[in-house]
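> Guided by the hints, dock chain F with the ligands onto chain P, whose structure is given.
Chain order of the listed sequences is P and F. Read in order, the letters of the first sequence correspond to residues 1 to 444 in full-length UniProt numbering. Read in order, the letters of the second sequence correspond to residues 1 to 444 in full-length UniProt numbering.
Some hints here could point you the wrong way.
Note that identical chains are pooled: a pair holds if it fits in a single copy or bridges any two copies.
[Stated by the list, open to error] Calculated pairs, EDC-like style, for lysine to aspartate or glutamate (alpha carbon to alpha carbon, straight line, at most 20 Å):
(1) Lys173 to Asp289
(2) Lys190 to Glu152
(3) Lys190 to Glu140
(4) Lys331 to Glu130
(5) Lys173 to Glu25
(6) Lys190 to Glu130
(7) Lys173 to Glu286
(8) Lys331 to Asp220
It is worth saying that the hints were derived from the structure and are not from the lab.
Number of protein chains: 2
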Amino acid sequence: MPRHLHLNAFLMTTGHHEASWRLPESDPFAHVSLDHYVRLAKIAERGTFDSLFLADGPQLWSSLAQRPAGALEPLTLLTALATATEHIGLIATASTSYNSPYNLARKFASLDIISGGRAGWNIVTTAGREAARNFGLEHEPAHAERYARAGEFLDVALKLWDSWEDDAIVGDKAAGVWGDDAKIHPPRHKGTYFSVEGALNVPRSPQGYPLLVQAGSSEDGKEFASRYAEAVFTAQQTIEDARAFYADLKARTAAVGRDPEHIKVLPGIVPVIGATESEALAKEQELEDHIVHRHGVANLERLLQLPEGSLELDRQLPADLPPESAIEGAKSRYTLVVELARRDRLTVRQLIGRLGGGRGHLTFAGTPEQVADAIETWFTQGAADGFNIMPPVLPSGLDAFVDHVVPILRTRGLLRTEYGPRTTLRERYGLPRPANQHVQPVYA
Amino acid sequence: MPRHLHLNAFLMTTGHHEASWRLPESDPFAHVSLDHYVRLAKIAERGTFDSLFLADGPQLWSSLAQRPAGALEPLTLLTALATATEHIGLIATASTSYNSPYNLARKFASLDIISGGRAGWNIVTTAGREAARNFGLEHEPAHAERYARAGEFLDVALKLWDSWEDDAIVGDKAAGVWGDDAKIHPPRHKGTYFSVEGALNVPRSPQGYPLLVQAGSSEDGKEFASRYAEAVFTAQQTIEDARAFYADLKARTAAVGRDPEHIKVLPGIVPVIGATESEALAKEQELEDHIVHRHGVANLERLLQLPEGSLELDRQLPADLPPESAIEGAKSRYTLVVELARRDRLTVRQLIGRLGGGRGHLTFAGTPEQVADAIETWFTQGAADGFNIMPPVLPSGLDAFVDHVVPILRTRGLLRTEYGPRTTLRERYGLPRPANQHVQPVYA
Ligand SMILES: Cc1cc2nc3c(=O)[nH]c(=O)nc-3n(C[C@H](O)[C@H](O)[C@H](O)COP(=O)(O)O)c2cc1C
Ligand SMILES: Cc1cc2nc3c(=O)[nH]c(=O)nc-3n(C[C@H](O)[C@H](O)[C@H](O)COP(=O)(O)O)c2cc1C
Numbered sequence: 001m002p003r004h005l006h007l008n009a010f011l012m013t014t015g016h017h018e019a020s021w022r023l024p025e026s027d028p029f030a031h032v033s034l035d036h037y038v039r040l041a042k043i044a045e046r047g048t049f050d051s052l053f054l055a056d057g058p059q060l061w062s063s064l065a066q067r068p069a070g071a072l073e074p075l076t077l078l079t080a081l082a083t084a085t086e087h088i089g090l091i092a093t094a095s096t097s098y099n100s101p102y103n104l105a106r107k108f109a110s111l112d113i114i115s116g117g118r119a120g121w122n123i124v125t126t127a128g129r130e131a132a133r134n135f136g137l138e139h140e141p142a143h144a145e146r147y148a149r150a151g152e153f154l155d156v157a158l159k160l161w162d163s164w165e166d167d168a169i170v171g172d173k174a175a176g177v178w179g180d181d182a183k184i185h186p187p188r189h190k191g192t193y194f195s196v197e198g199a200l201n202v203p204r205s206p207q208g209y210p211l212l213v214q215a216g217s218s219e220d221g222k223e224f225a226s227r228y229a230e231a232v233f234t235a236q237q238t239i240e241d242a243r244a245f246y247a248d249l250k251a252r253t254a255a256v257g258r259d260p261e262h263i264k265v266l267p268g269i270v271p272v273i274g275a276t277e278s279e280a281l282a283k284e285q286e287l288e289d290h291i292v293h294r295h296g297v298a299n300l301e302r303l304l305q306l307p308e309g310s311l312e313l314d315r316q317l318p319a320d321l322p323p324e325s326a327i328e329g330a331k332s333r334y335t336l337v338v339e340l341a342r343r344d345r346l347t348v349r350q351l352i353g354r355l356g357g358g359r360g361h362l363t364f365a366g367t368p369e370q371v372a373d374a375i376e377t378w379f380t381q382g383a384a385d386g387f388n389i390m391p392p393v394l395p396s397g398l399d400a401f402v403d404h405v406v407p408i409l410r411t412r413g414l415l416r417t418e419y420g421p422r423t424t425l426r427e428r429y430g431l432p433r434p435a436n437q438h439v440q441p442v443y444a
Numbered sequence: 001m002p003r004h005l006h007l008n009a010f011l012m013t014t015g016h017h018e019a020s021w022r023l024p025e026s027d028p029f030a031h032v033s034l035d036h037y038v039r040l041a042k043i044a045e046r047g048t049f050d051s052l053f054l055a056d057g058p059q060l061w062s063s064l065a066q067r068p069a070g071a072l073e074p075l076t077l078l079t080a081l082a083t084a085t086e087h088i089g090l091i092a093t094a095s096t097s098y099n100s101p102y103n104l105a106r107k108f109a110s111l112d113i114i115s116g117g118r119a120g121w122n123i124v125t126t127a128g129r130e131a132a133r134n135f136g137l138e139h140e141p142a143h144a145e146r147y148a149r150a151g152e153f154l155d156v157a158l159k160l161w162d163s164w165e166d167d168a169i170v171g172d173k174a175a176g177v178w179g180d181d182a183k184i185h186p187p188r189h190k191g192t193y194f195s196v197e198g199a200l201n202v203p204r205s206p207q208g209y210p211l212l213v214q215a216g217s218s219e220d221g222k223e224f225a226s227r228y229a230e231a232v233f234t235a236q237q238t239i240e241d242a243r244a245f246y247a248d249l250k251a252r253t254a255a256v257g258r259d260p261e262h263i264k265v266l267p268g269i270v271p272v273i274g275a276t277e278s279e280a281l282a283k284e285q286e287l288e289d290h291i292v293h294r295h296g297v298a299n300l301e302r303l304l305q306l307p308e309g310s311l312e313l314d315r316q317l318p319a320d321l322p323p324e325s326a327i328e329g330a331k332s333r334y335t336l337v338v339e340l341a342r343r344d345r346l347t348v349r350q351l352i353g354r355l356g357g358g359r360g361h362l363t364f365a366g367t368p369e370q371v372a373d374a375i376e377t378w379f380t381q382g383a384a385d386g387f388n389i390m391p392p393v394l395p396s397g398l399d400a401f402v403d404h405v406v407p408i409l410r411t412r413g414l415l416r417t418e419y420g421p422r423t424t425l426r427e428r429y430g431l432p433r434p435a436n437q438h439v440q441p442v443y444a
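The following block holds chain P by itself, in its conformation from the complex (with noise of 0.2 Å):
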């Protein structure tokens, strides 16, 4: 089979431009409309995307002034999606450092089961001190910290995903006999951060468990997708730079003895399409003279850790910024920011302009033709396994890609036209069923 681009559709309210919700054709209350979200995924699976993607974290991130906040929470808008679906994967993010392991795997496994194996979890340890106020600490737990938690909440979500064997339930009604005890196997889990005794109160899901996803490219994030995650997202301002990452994290995948080609790497892209190229930029241009800069001025202090009233709008970045280690918040965000700050030699009006698109992500404004060649450029090139689509403005942006670049992608080849019949998530990215860690592989 020839090698095919995976699209993930990462949907965000009114697009993932900050400035989006201003235009005319926004709805302001599209964060909480059920339809606009049933909209948008049929026009990804349209597109024969393999999969949505909500982002989240438990904390309102915004001041409300700025633009839309808060949010439907991601597994419940997804298991909604679910059912107006039937092809597109799911994945939900949701944060190891604020949930615990027995609730989160049965929620994960129910909306497998329900949707019929198209779940998928995006693994996050969630920075910032506001999310962890909400959960009875003072202060954010450490960066190291955080992802030591998340790996001991894996391999505790694991056991209890792998508490079921496949062929637990019986059903003998004559014998009066419903299941075998014996297929059930619980975690008896006793750790550093959790305890969990008994077996999962859901039965092993379509897929085992859920697509594994990661989105955190810090040293510490990027040793934990090789252990554990099959996609990742990241974002990435050069194909030299995404080229650097896709060939470390194939490489310590393979380190850690697993197949390379089991874990799918995918860079986030902010098309601006447009018939013209010109119209493109206009398209792009229209969007930033909607940014109220003071809003993206106490962002960019905030993700920079600097105190209110540091930045200057027309002046760059200060000179002395700590390096990357004594972030304990989203660390690899806040070293690809200074560095596109840096190279291009940004004042902080123009950082904003830059990041009000993708908030880090590359944003590519271009013909549809222009944007397939970027995206094949990558796909050929070592960059990606296929890409994160983040249309700056929604439903119109995820409407231009489907109409406009999708067509192009599939006449290359490059995409299905089709789905054929019903399969799994973690099919759709051409990846296996995960194996029971329990049950003892058969050999012929």
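Below, chain F with the ligands alone, put in the same frame as chain P:
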């Protein structure tokens, strides 16, 4: 408006009778079949029920040998059912002992939005060591401690649900102002069990918050219900007990300054329906014949906190059982079972038969007329505001109720004949939408 019955459909896999799964009609995989639950929800909507309800506990409830174990997580399943139904309320059980307020408040707010105001929360404190051990605890927290935590949990959850005023979203595109930060009220809660700083990341939902339902009947349980509950599920074996419970709960509710009309009492009933009385009794007998008694013995020993092997099938319960005050698990259920056994001088075998149908809820076998009579009597004589309908076998038992008992109740003017326009769950139960604690009522 005439006083109408409130009907709640308590759904449980193949039915409430523990042997229901062994009948020819039953699907051993019903517990993980969305189609099964969609079918049940549609039958209940045909019967113009107020709501559906799913029980829950974060542990495997029984051995697999015994009966269908494990289930879809209720909030997930009800979200899927929200998209398959239009009018019926969706009540999910969730534990205050093994959840954090921020996560749970978000999920209920999200379901309430997605369902157009049809979410309800059956608030439980979760008895049993098994659950505790899935969340890092060695022992079950003491009964009083669980209810103390539940009270604080509710206070925090209510603060979170009120952390957005209803009109916090402005959507002023021209000015670039999406929302009004002055209408956000972070809880800043620091208590015994929880510290929660920030506002919820979901706007206030159609109902303000889910309908609050409670299902424990101990002293602490009733105290809790009188403060928070808008509907109460309860297991009552006789009309005398039910009337006493009803009067007690209404009085307690009035005593804390609430309108006693704003707490609806719904005893459970397991209706075994036949065209003739003898047909109904034969159906009951058929179910009893399918009971595997050794499982029943084990369950009773666990409820009564007796060592394994203490009970003998053809003898009565031991005389020296401890008082309710010594029980840390499900207190009111304990007392109900012991009193039932003593009152009717039941052997363990007979007791298991009596509990097989409804685990302590009233089982009533008869013709549709007889079932309707029993319901009418309890409803008009101060024992109930409605009923928790617990069909012994599903779907057939719910079909029988809706096809044969519901028309009689409608003819007698006790039940709505149609839903009318879409409305919230709270309105179905005749309750007012709660005001936001941060908003002063406006007097004309
Ligand atoms: C496409 C993409 C989506 C992400 N979504 C989330 C998210 O929803 N929630 C979250 O807490 N982190 C999310 N992250 C990860 C944060 O960027 C991450 O917490 C941060 O980079 C810290 O990880 P690191 O320090 O390992 O880089 C996402 C990252 C990427 C690339
Ligand atoms: C109809 C009904 C349904 C219930 N469902 C649950 C449930 O799903 N999960 C749970 O932990 N307790 C549930 N309970 C409550 C338990 O019976 C309760 O935990 C037990 O009675 C302890 O409360 P108490 O000690 O205040 O009586 C339910 C009770 C009733 C009457």
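> Taking the hints in turn, state whether each one holds.
Now the hints, each set against the structure:
Only between protomers do Lys173 and Asp289 lie at most 20 Å apart by alpha-carbon distance; the minimum there is 13 Å, versus 68 Å within a single protomer. With identical chains, the CA atoms of Lys190 and Glu152 are at most 20 Å apart within one copy only, with a shortest distance of 10 Å there and 29 Å across copies. Taking the shortest Cα distances, Lys190 and Glu140 sit within 20 Å of each other only across copies (17 Å), while inside one copy they are farther apart (24 Å). For the identical chains of this complex, Lys331 and Glu130 are intra-copy neighbours only, at 17 Å inside a copy versus 39 Å across copies, given an alpha-carbon limit of 20 Å.
Proximity of Lys173 and Glu25 under a CA criterion of 20 Å is satisfied inter-copy only: 11 Å between copies versus 58 Å inside one chain copy. Taking the shortest Cα distances, Lys190 and Glu130 sit within 20 Å of each other only across copies (15 Å), while inside one copy they are farther apart (29 Å). Within a single copy, Lys173 and Glu286 get their C-alpha atoms only as close as 67 Å, which misses the 20 Å cut-off; across copies the closest is 14 Å, which meets it. For the identical chains of this complex, Lys331 and Asp220 are intra-copy neighbours only, at 10 Å inside a copy versus 48 Å across copies, given an alpha-carbon limit of 20 Å.
When the structure is compared with the earlier hints, no violation turns up for any of them.
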